[in-house]
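Undergrad: The residues making up each chain are set out below.
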Amino acid sequence: MQLNSYQQQIFDHQRPQIEKFSRRTWGWTIFYLLWIGFGGIALYTQIAKGHKVTGMRDNVVWGLYIANFIFFIGISYAGAVISGILHILKVEWRKPIIRIAEMITVISTIIGPIFILLCVGRLDRLHHLFIYPRLQSPITWDVLAIGTYFTGSVIFLYLALIKDYAIYRDAKLNIPKWKQKLYKILAIGYRGTPSQKKHIAISMNLMAVMIVPLAIIVHSVLSWIFGMTLRPGWHSTIFGPYFVLAAIYSGTGVLIMAMWVYRRMYKLHSYIEDKHFIYLGYIMMVLGAAYGYFTFSEYLTDWYGSQRWDAQVISKLFDPREYGWWFLFANVAGIVLPIAVVAIPKTRKPGLIAIASFFMVMALWVKRYLIIVPTLETPLLPMQDTRPEYVHYHATWVEWALTFAGVATFFLFFTIGSKFVTVVPISEFGDEEKKKAKASAIEPAKEIATV
Amino acid sequence: MKPVINIRSGSLAILIIAFLISNPALVNAQKDTAKAETVEMLSPSMDLIGIQKGDNTIDLKASLKTKFKGATIKLPHLKVHFLAVTDSGQKELGYVITDKVGVSLFNIKAEGLTAGKDGKVKFKAVFDGNKSMDPADAEVAFKRARLEIEPVKGDSTYSANLKLVDVSSGKAVPVPDAALGLFVKRSFYPMKIGEAKTDSEGLATIEIPAKLPGDAQGKITLLAKVDENETYGYLETAVPENWGVAVSNQNVELPKALWSSHPPTWMLITFIVLMTTVWGHYIVIIYELFRLRKEEPKIVPES
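Residue numbers (this note's numbering), protein chains in the order written: chain A, 1 to 451; chain B, 1 to 303.
No lab work stands behind these hints, which were simulated from the structure alone. A hint or two may mislead.
[Stated by the list, open to error] Quick list of in silico lysine to aspartate or glutamate cross-link-like pairs, DMTMM-like style, CA-CA up to 25 Å:
id	chain 1	residue 1	chain 2	residue 2
1	A	Lys172	B	Glu296
2	B	Lys294	A	Asp170
3	A	Lys184	B	Asp128
Since the structure is predicted, the reported quantities are computational estimates derived from the model, not experimental observations.
I would like the entire structure built from these sequences, with the hints used as guidance.
TA: Structure, rendered in structure tokens:
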């Protein structure tokens, strides 16, 4: 594969990232594996003793696992939607960050559904979902939608990687033979001929067009698992767009955080520039405002209507003795903070935007928890003589251990992923960057000449 | 020479040990033998009941089970012998292999059975045991009795007259103050309609609700039962009647609806269109990738 000077420069900068597995990387990998191992102990405990080791009971049948599931599936959409839309609109500044966005999509789409498997009992009957599907069930929609979406996001990521795999294949990297063979297989004979470029372009455009509506449909379907039931706090017509918006919003936050980490870790300041944080910050601010509007609209209508069960859920969310503080955190850190940080010019800086993103992502995780648990703690049928622990949900160490194991797996996949592909895609930078590179080379020459 | 011999014998010993270690089959065989010696025998328990039927037969029902690691396991595929026990000795009636829930059911004619001095007929069920299980047996004794059922149809009501008589002496002697139950047979366990106690004439009457769902012809089967009577054990008598409401036994095709097993047409169409569109695109993309693979130039352009 022929590289222009700018591509060569990017590649040379990231070459050690693929060739070496540094001590620091080993350290982090072992740390994540230890967490995952601890999660393995929790999983064994859950399988051996049953779901009684979790806080889930007759009333509150969903807890941390489902909150994690929605959270991870949510952040996966941001990668798809952001990279898809920016690709269709041919936005130039997307190029250095598009790979990170696509990696977020694939990795979180793998991890999200694992929490469903942790939540349901009787995994031996899992195949019944496919053998005896009931098309009217939102659960069936969800299984099909997530399966389809995962396939699509893997294809999308792979398409974007083929050209880079060809570059790695031809670059004579100082890597083991199996890795070289792997790149050769994954490059599927791409040599950059015009017809091959055309095949990639057709496929990429098709996928970019497909992935955006697909992501919207899939997350709407996920919201309908809640919205189709008559429970207070769930039965809402705006749940579809509300979930989609929250998903893209939280995903944008994760993308900013990942950009910040990678920029520091691999010293990619020349490629992932401050402007990328600011542009994504603007997107985050707009999404934050829209998310705030949806949140206000949702709770205002429930509060104003004051239906018996809705009022009970609302009172729990506003009561500091129940979920009041968490609800406040979800809204302040999830809406006010990111908007304020990006809106004020003085705070509009990569570090602060990344910190605001971190709190926003945490807040949106809390928000998912607040969607699930308070509603389930408000049963439509009055429960008599039931045990308090059956009504009130408290996550156990098993659930927390598996939650952190999921997060560690997410980070581990990112760490390992960045050892197989360059974080900043090389092939994305074509002729325009070549011209820019030439221009930047001419400018100093002119200056020297004038001097 | 001695050292040479020692070295050789030492080497041989090492070789033997190495062979033993490297040959897991031998080690495992030894372990298996040890295990077999230490396997604990299971101690099954047996329950036996006799059900006196209305057709003058007796069902002897033996249940075989055991406790293993705190759980009760029903024992299938085991041979259970049934014996009639008299004051003078015992006579084998036959044997039945236990079914998947560990039950053996043996049916015998009630005529010609010899009662003991106490007027009771006695039966015994025996499991001989095997390599892993101890033997087990159980006995049951009860007085012979007959349960009669007479369905009565009024103008707008239905009832059943039940009568319990002792036949152990050869004569029909009414049994007073005995608890009876009336049931209707169902696909699974019989449904209880009512219960009563016999009067001094051994009679009891139980009302039957109208419009009980029956089979396709409206037939229901009334079942009178005596359970766990101290003297007579278990008795059953069944009689069919055309008092039920005819319920078709054919599966009715449910309409396409949200609640039925067939989804609404619009939902099916939406699903097929969406899935075909998306997966169709995936197939097109994969086809494009195959073409890309095929079009790899044989001479690699110089970089």
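Undergrad: With reference to the structure, classify each hint as holding or not holding.
TA: Against the structure, the hints come out as follows:
For a cut-off of 25 Å, the pair hint linking A:Lys172 to B:Glu296 stands: about 20 Å separates their Cα positions. For the hint linking B:Lys294 to A:Asp170, the alpha-carbon distance of about 19 Å falls within 25 Å, and the restraint holds. Using a Cα cut-off of 25 Å, the hinted pair A:Lys184 and B:Asp128 is violated, with the two alpha carbons roughly 70 Å apart.
The structure fails to meet hint 3 from the earlier list, while all remaining hints are met.
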